[in-house]
Amino acid sequence: MTDSLGQQKPVNIKAQLQACRSKEETFKTLVTLSKTLPRLSTEEKTEQNKIKGCESAVWLIMEENDGRRHFKADSDAKLMRGVLVAILSLVEGKTQTDIQQMDLKAELAELNLSSYLTSSRTNGVLAILDKIKSGSEHRDNQHSPKQ
Amino acid sequence: MAFDPLLLRPLFPILAQSAYDHPLTYLDNAATTQKPLPVLDAIQEYYLSFNANVHRGAHFLSDRATNRFEQARDTVAKFINAPEQSHVIWTKGTTEAINVVAYGLEHILEKGDEILITSLEHHANLVPWQQLAFRTGARLRIVPLTSNGEWEPEFSHYFTDRTRIFAATQVSNAIGASTPLRTMINLAKQQGAFTLVDGAQAVAHYPVDVQALDCDFYVFSGHKMYGPTGIGVLYGKNHALEILMPYQTGGEMVRHVSYQATEFNVLPYRLEAGTPHIEGVIGLAAACDFLNAQDRLALLAWEQSLANHVYTRLLKAGGIEIYSPEKNTTLVSLSVPNIHILDLNAYLDSQGIAVRAGSHCAHPLMAQLGVAGTLRASFACYNTIEEADRFCDVLLDAIDLLNDE
Ligand SMILES: Cc1ncc(COP(=O)(O)O)c(C=O)c1O
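Protein chains in written order, with our numbering: chain W, 1 to 147; chain X, 1 to 405.
The set of hints was computed from the structure by calculation and includes no laboratory data.
Computed beta-carbon distance windows for the label pairs:
no. : chain 1 : residue 1 : chain 2 : residue 2 : range
1   : W       : Lys28     : X       : Gly318    : 23 to 33 Å
2   : X       : Glu386    : W       : Lys28     : 21 to 31 Å
3   : X       : Pro10     : W       : Lys14     : 43 to 53 Å
4   : W       : Lys14     : X       : Gly250    : 54 to 64 Å
5   : X       : Ala2      : W       : Glu110    : 47 to 57 Å
To spell it out: a stretch of chain W is covered by chain X in this simulated footprint if at least three of its residues, at any positions, have a beta carbon under 8 Å from a beta carbon of chain X; those stretches are:
no. : segment
6   : 19-26
7   : 73-81
With the Cβ distance kept under 10 Å, some of the chain X side facing chain W (calculated, not the full set):
no. : residue
8   : Ala19
9   : Tyr20
10  : Asp21
11  : Ile339
12  : Ala346
13  : Asp349
14  : Gln351
15  : Ala357
As the structure is a computational prediction, the values presented were derived from the model and not from experiment.
The C-beta atom is built at its ideal place from N, Cα and C for all residues, glycine as well.
From just these sequences and the hints, can you work out the full model?
If you want it as structure tokens, here you go:
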């Protein structure tokens, strides 16, 4: 399957976000990153792939190939697409056991994204992280687009 | 003489801070306003010098607390021109006040009766009526807006001889439009319906006269009018309050209790079970005093001029859908085609500007306007023209930044 991260290298994403010195710089970087996220097709944007608890619409598709997890995601909000690029860069191509052991919240905080994690913002980033974790826990394919 | 908001700023020290190295620009006043020092002082004074439970102990502090508590009821009654202070019931806020009425009137409804609301209602003035309709077999009916956001020219036929309750907001929190209340209340009265006005978005801006409105119930929240959170008001005419079955029972609202029966207390206590939010009541009275000390019409004219200034600038800039009226409103509600309101909100936030992006607890209204949500800048008496201009400048920057595809 296609690499959902386009040409972006995870290490670049990390460096770009960590270099941000202000909320405004983080905003602009997320807008830039958002452009690297391949958009999902209308058929892929199913109710089943949609994440509940987000103010913007977010769709997440997870697949397993040779024991590794692959992700595709989309949102109708640009900033959220940038955040998705950052999140997916952390987990793309990892095994479910690896993902299970990761502290995704802490890793996003290292990327200057902690303000997107507070539950009061109800932007659903925590719901996305939950889905990524639980999806890998159950090793199931129920979120695959072909089902 | 022109009103100068800068004279009020020292009363709101919270506004003097920066947010992410930008001056904090608070334009989310329709969600909740900031609190002036006299309100904070009154709450502190209560805890420093007269904290005690009210209506209970016969001792020095309890007498002082009870006196101030009942004085506050008088202050609030005068603030909305209620004829009697016993017609002022303390609630947690607008939402609870509407629920007190919706549960309290359940016993008068029969299957096939109609509860009438409008398209502009906040969920707080919709869901309690919808659920009441479910419980009783009554029908919830809506006075609609036309597709261009105006009232239908002929809406009197929505008021029928089955209309038992008519509930409407005075001012819409989502788009800032006002309801033609006089006409609607009249129509409702001709059908013998109970009338309730949701004043949550009105009290901070408009001098309110419940006798002139002639509604049976008027409800509002303290926190949207410079008062504390957790306190609100249910005003009612005597016969209207008397007909309400108490929504909560317990201490304070009773006169005599045996295992066999309970005799309820008189108004207002009958509808106020349990120890009330005393500090909230004291703070709310201080907020009324604060507003009473201002030239209310000058404040209103100022707030409306800020909203109109933003409206005019954004209309000129083009490419922005504005849902609020051009005039006679204190907020601007908008969206930009092909740009998500949360993205606009995030950029404004990064520049220290606080607004609200979302559906404003009005899903049916948003559906009718054909949007998922809007971005709302709402003004209060302490906002300046510079802040209104900053909002416009930064919004237009955000549109440029996000509009590149
Ligand atoms: C028009 C309107 N009605 C009701 C409410 C509910 O008020 P509260 O949450 O204070 O009970 C609000 C608050 O946003 C409102 O704007």
